[in-house]
Amino acid sequence: MPYGVPDPTAALTDRLIMDQIGRGSRVLDLGCGDGRLLCRLRDEVECSVQGIELDHRGVVESITKGMPVIQADLDEGLDEIPEHSFDFAVLSQTLQQVRHPQNLLQRMLRVATRAVVLVPNYGHWRIRVQILLHGRAPVTGSLPYDWYNTPNLHFMSMLDFRDLCQQMKIRIVREIPIIHGQAAIGAWGANVRADSALYVLERQE
Amino acid sequence: MASEIAQPETTDAKSVGIVQTQYVTLFEPPHPLTLEGGQQLGPITVAYETYGELTPERDNAIYVCHALTGDAHVAGKHSVDSRKFGWWDGLVGPGKALDTNRYFVICANVLGGCQGTTGPSCRNPATGQPYGLRFPFITVGDMVEVHAALVRHLGIETLLGIVGGSLGGMQVLDWVARYPEMARSAICLASAAKLSAQGIAFNAVGRRAITADPQYQNGDYYGDEPAKYGEVGPRFGLALARMVAHITYLSEASIERKFGRDLQHSDHLAYDLQRETEFKIESYLHYQGKRFIERFDANSYLYLTRAMDYFDLTQRYGSLQKALGRTNARFLITSYHTDWLFPSSQSKEIVTALVETRRHVTYLELESVFGHDSFLIEIEQLEELVTPLLLETYRRIRDV
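Residue numbers (our numbering), protein chains in the order written: chain A, 209 to 413; chain Z, 527 to 926.
These are computed hints drawn from the structure, not numbers from a lab. Keep in mind the model is a prediction, meaning the values are calculated, not measured. Treat the hints with caution; some may be incorrect.
30 angstroms max Cα-Cα, derived DSSO-like pairs, lysine-lysine [as the list claims (entries may be wrong)]:
1. Z:Lys754 x Z:Lys610
2. Z:Lys806 x Z:Lys610
3. Z:Lys848 x Z:Lys874
4. A:Lys273 x Z:Lys754
5. A:Lys273 x Z:Lys848
6. Z:Lys603 x Z:Lys874
7. A:Lys273 x Z:Lys540
8. Z:Lys806 x Z:Lys784
9. Z:Lys816 x Z:Lys874
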């Protein structure tokens, strides 16, 4: 499963994620790809970082950048990662690709105090229109896959994600819809207009 | 402990060429080494080889720790006519992962070994007799003390890297625990922070095979005249020890693939118990045993396997976190999914401790059919990881 698939808005989302993370934090990046975000977190925010990546090429590229990376399948439970060992666990555009998103969210909030999760929003109007008018599985700029080759196993909207958090007793510390490549906190009609959304999560005490 | 099941190809063109083993005497009176077991030992002769050039800054040295039955001869050949390359020639040489055009690579035979460094087969300078069982008890930590002394003797304070697999990996871990400042990177392959009970069990069988051989003679089998290995002593016991151990270095899949149930001499079964090597796998193990006794000392085998049994960083430091949490070395840990002697769970235990103590760690469980021996065979797979790790580590210290 190719975690960390190329993302056209990578620069923006990297920036957004970094803004959620305090200087000098201990950060785990799940599905770190080629280690790009880890590198920026270390060099620009002085974080102590650790990556996890399944794709072999991504692991080698991370090593080449000098980033520590553990090769592991996010669906296998992250057993090597001790509990409460990170301030932040980051999961960018990957939650919809794992087989058991609930388990992963739970595990993230066990190894880290806060989770920063970027998820696509399948409630976007363009997706609704494609299904409604054309009767076909949606293919859009931010979801450039056909149904038979998409790495995305789960399709949820912002509303769905909020429901899941409530059900799992996870507190949403911050919700940032991303509309036309811009962060739009508190924007009207976000569930219709946002391509994706960034969440900062923590356990409900 | 390389098996012959698949030897990586190697050619003169990509080799470091002709190399020579060098010798140095350390821990001379009045400065003997105080061993972990409490006894003192000195002087200690160390057999070592080096490849490449040390920079004026002395910042490009990489130390290779060999496994149980390895030696200082990692790369190149000892003579033009020799057909035998060093045991890790695929990894060490010009343009290779341990690039001798760039790095200064050191490897020494371990303390207690029998390939030139002081061990039980050497003559005790105080008595003129071979040590035999009078050689003091040694540990992995004692081996590392001698390695570290050699490094200092070569005028090197900090190593760019320490690399090793299996017992060599144990030395890597012990080294960074013992001298946290001494290494910039630590590469630990198919190894563990402690030998498993299963590992101790196999070692016990090997030792019993040796000591039960009538020719063992309580370790005093050397005779008065210097003899070649394989001519005196518990030949059958040592060969048997090697046969058992050799199975643990392979995997069910690799044995099946190479030998299956093939017969050695005939197309049909002989129905004859006297035929000792009827199946190909039997013949192969006998051959391995025979080859082994021509190059290894039985007493060394006892001492080194015992050192391996005793290795336990958790016990020594209170926890793995305490043992490994003080070094800033960058770790590369690998395990192999077919390795049942040093299973991945043991590498993961190291990784967990390193993550918990915020160390820099990269870990992969690699795919290979070759079991524990994979680290000696799957050179390209290792090269892909080791090359960028060393390059980046070196670039970083040079930039600062």
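A quick look at each hint next to the structure:
This hinted pair checks out: Lys754 (chain Z) and Lys610 (chain Z) have alpha carbons roughly 19 angstroms apart, not beyond 30 angstroms. At roughly 24 angstroms between alpha-carbon atoms, Lys806 (chain Z) and Lys610 (chain Z) fall within 30 angstroms of each other, so this suggested pair holds. Proximity of Lys848 (chain Z) to Lys874 (chain Z) is assessed by CA-CA distance (about 16 angstroms); at most 30 angstroms being required, the pair is judged to hold. The hinted pair formed by Lys273 (chain A) and Lys754 (chain Z) fails the criterion: a straight-line CA distance of about 50 angstroms is larger than 30 angstroms.
For the proposed pair Lys273 (chain A) and Lys848 (chain Z), the alpha carbon gap of about 28 angstroms is at most 30 angstroms, so the pair holds. Only pairs whose Cα atoms come within 30 angstroms are accepted, and Lys603 (chain Z) paired with Lys874 (chain Z) is rejected, the gap being roughly 36 angstroms. With a C-alpha separation of about 27 angstroms, the suggested pairing of Lys273 (chain A) with Lys540 (chain Z) holds against the 30 angstroms cut-off. Distance check on the hinted pair: Lys806 (chain Z) and Lys784 (chain Z) sit about 9 angstroms apart at the alpha-carbon level, within 30 angstroms; holds.
The straight-line distance between the Cα atoms of Lys816 (chain Z) and Lys874 (chain Z) is roughly 36 angstroms, outside the 30 angstroms bound, and the hint therefore fails.
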